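Chemist: Given next are the chains, with one letter for each unit.
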Amino acid sequence: MYLGIDVGGTHTDAVALDESGIAAQAKVKTDHNDLLASVNAALEGILTTVPPGEVTQLNLSTTLSTNAIVQGTTEDVGMLVVAGTGIHAGDFMLCKDYHALAGSIDHRGSEIERLDTDEVKAAVESCRKAGVKVFGCVGKFSTRNPLHENTIRQLVGPLGEGGADAVTLGHELGGRLNFPRRLATAYFNCAVWRVFNQFADAVEKSLGRLGLGHVRVNTLKADGGTFPLAQARKMPVQSIFSGPAASVMGIIALCDITHDSVILDIGGTTTDIAIFVDGQPLVEHDGIHIGSHPTLVRALKVHSIGIGGDSAISVLGEAVRVGPNRLGPSQADCVEPGCACASDARPTLLDALNCIGACAHGNVEASRQAVAQFAACHSIGPDVLARQAVEAAAEAIHKATRELVDEINDKPVYTIHELLEGRRVAPRRVYIMGGPAFAMKEPLRQRFELFTVVPEHAGVANAIGAALTRNTASLELFADTERGVMFIPALGHRENVPRSYNLKDAERDALNHLLAHLSEMGVFADADNAQVNHATSFNMVSDGATTGRNIRVKCQIKPGVAFTLNGRPNGQTGQTRTGR
Amino acid sequence: MHEAKHSLGVILFPAFDWSISPTHPEREERLLYTQDQLKEEGLFDIEGVDEYKPGVAGREDVERTHFCFPELEAVATRSHLVAAGGCITAADLVMQGKAQKAFALVRPPGHHAMKVVHGSRGFCNINIEAVMIEHLREHHGKRRIAVVDTDCHHGDGTQDIYWHDPDVLFISLHQDGRTLYPGTGFPKDCGGPGALGRTINVPLPPGTGDEGYMMAMERVVMPILKDFGAEVVINSAGQDNHFTDPITNMNLTAQGYARLTELLQADIAVLEGGYSIQGALPYVNLGICLSMAGLDYSGVREPGFDAVRHGQRPQIAEYLAKLCDTLPELYFNPPSLSEAMQDGKIEKQDGGEWFVRHKDIYYDTDGISEAQTESLLLCDSCRGLLKVLSRSTRNPDCLGVEIPLGACPRCREKGLSMYEEAQSRDGYRYTQLINRADRKYERHGF
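Residue numbers (the numbering used here), protein chains in the order written: chain A, 29 to 608; chain B, 938 to 1383.
Calculated from the structure, these hints are not laboratory results. The structure displayed is predicted, hence computed values, not measured ones. Heads up, none of these hints are tricks.
No farther apart than 20 Å at their CA atoms in a straight line, the calculated lysine to any residue pairs in the SDA-like style are these:
hint, chain 1, residue 1, chain 2, residue 2
1, A, K329, B, E988
2, A, K329, B, D982
3, B, K976, A, F566
4, B, K976, A, H321
5, B, K976, A, P440
6, A, K439, B, K1035
7, B, K976, A, E312
8, B, K990, A, P440
9, B, K976, A, R136
10, B, K1035, A, E431
Based on the provided sequences and hints, a complete structural model is requested.
Modeler: So this is what it looks like as structure tokens:
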């Protein structure tokens, strides 16, 4: 039995399921001041029907790290930064204990300027004086050569008393090039390290108390994968913003997606839009922003717009609009049956959907009254207002989707082949989930003019997604045969390679190291799910003669689910479809 | 974090799947380290700096600009069309207000490609700046354009294309032609009879460093630019003046480039040459990007820099000071027609006066020799009808006729009838008509 818990902004959803379907589900309000209580309540809800002994795995998606950052409950970090040449290190100052150090490594990984160890020691000492316990060491081009970061790591001293409680090295965050993002990612990883580890301790204690001490615990990442809790304790920053990914993975578990598709998760305040290409969710090109800081944290490409069931309807001139304001829940939800609406009640999208008969949610009569009153204020017929509001919402979602697809298709490419023959994304299906999914299905189908699907269980798709999401991992390999070195930054693995080392060797090594890394973490990964995303080899020429090859390989375990719930013969999890 | 003072669009297209030959300077690897550097600096995360995908130039974009013999497909590959397309994208970004400035970091380069194209010279097939300028004129209604070519090699292609165009100011700063390919670009070459003083050549002695370049910029380029009042300023930003460049002999640094860029304030920059792909390009391109965006570039320093070794000898400053005294005169008081006509003569043909010059052109990259006779109908009401007879080791007799932008009715009529006659007279293997008056571009013979 797989357990999935998604701690969301409003609700905490939990499901327990196996290949025969959903065994139990629970929904509790999220208490942002005590996430552990929300998790416990959800777990207890599940355990009323599911015996603890049957549970083998728990996947947890939490807003803990995000909350810590938003609420400012993070701790001070000592940042030891080697920025070398280029944009000044001072421009990226993220925190008060920020030390820009001398030293420089170039794009090939050559040391141009040495580290000044006295300066490093002085910086570490000054951090200690300020009471700093966690450190981030980040160098420009450290993903080409980690020498400076490793040296600083040595100088910070061992973990524990007198040294540091945690140290994050920039190159361990992955091999992608982007120094400011590496800085920010290392900073946030350190800043939430203690909060996350305390939470992890508490969760493990709860599990023991509830008889779930034996289960494997994974944490969801924003890239549509999970990683073991032990790993998450080292890289808590990766657990940030995993909510949208849980929903997207839920759709994969519920539907058999093979084409380019649009996924719409319509919530109370927002609609999340995701794009699938050939049945695979798209991963963000760079990484998510935390606050105003771009980071290296990989995430599924999800675009949010301010339109949801509780979005207020407004009239501007002749035009009826929906959102982006949310002035409160719909009248259908907040007016007791038999009572009259307040005279200034603002109807929402859900009320409009009630009026046009697309759904019968809550107090339908209250919705009708509110829409009629609002329509009268603007001298429009209530039916016209409701219809136009629904159309406006569908139009806004369609427009945002089109912009997202254009953005994906306009992404820069670097070869003539990709530019002229590159595949363009053209969605052919729309999958909708979330509260108003069924009600919005027909309006959206008309606007998109595409095959539209609302899966059953669309309401708890997020928790299902959380439960079934597989482990993922990715790494980059960089080799320079002129120097005779191969380096995998994420693993801190550096080895000598012969001059004959080529792209094929590099691809093989990258995949082998990825799978070995997962098995070290105690994760079984199917080699079939490992894929090379990017592989290039450039001949390096000097004075008219080839001197070596510059090889770059990226590989990953592609995101996916443990099993799918679609096409069950008993129809329990069948889909409702409408063709064109 | 910081924010760009001027929003900047960068079209980064390294064409990782195209080279002239595997070990040629113009190969796949050329912009690899530049891309690494820009990514590692997080340039495109800076507010106001964005990366864009290049468009692809169409047949008409090129045929509006060049006479291609025997035809476009024979002289330009897809990579050339993408490089030109990248420039067009840069122009569109600025014209549509999506960015205040744009930098087309594309390859291969184009500034050695002349009006007539039989093949590749100096690694260039089609002139990507000229294609962009004609796009600006045709689609954005611009007319007066200035091109400042800071590539180390003389921009002889751009000079040739705009030799007779008084609305394009072309200023080239380059290593003295007596010491470097293509061996041209002397002060006496200052434009055709209708555009005297609109071509300014600044030949710099080998060894010129940051101070020398700044002197030429401050004393020659900037005063002329100010007087000319261009609607759009373009920088052909070749980067082979760098002290590490393997095929030139100058001493410019990344800081020097950034300062030059800051002074020039070009609307659009286009990468031209520059083949020190590890030691110079990553830093120079970063410096140019930061400088164009109005950001602090003072931390940009290339690894090999040595203030003493890469300084400029005092004799160079003396030589340049004298040169800078005389050059602005060429623009402000151009020489008389008779003085400036050493490369051509005026002939009377069918009722009109024509300026006629002969040119022998060698295409070093492709090994083609071309003999060309260019005739310009001297006209008081427009730029004048242009006729080019060309023959090369690759193609037999070819004819190109251009009815210029803003042509007067007489030149237009004459051009049309001349092109028609050329068809029936059967003397030419290939003919091409550029009719800017009616926006019609025709070719025959293939």
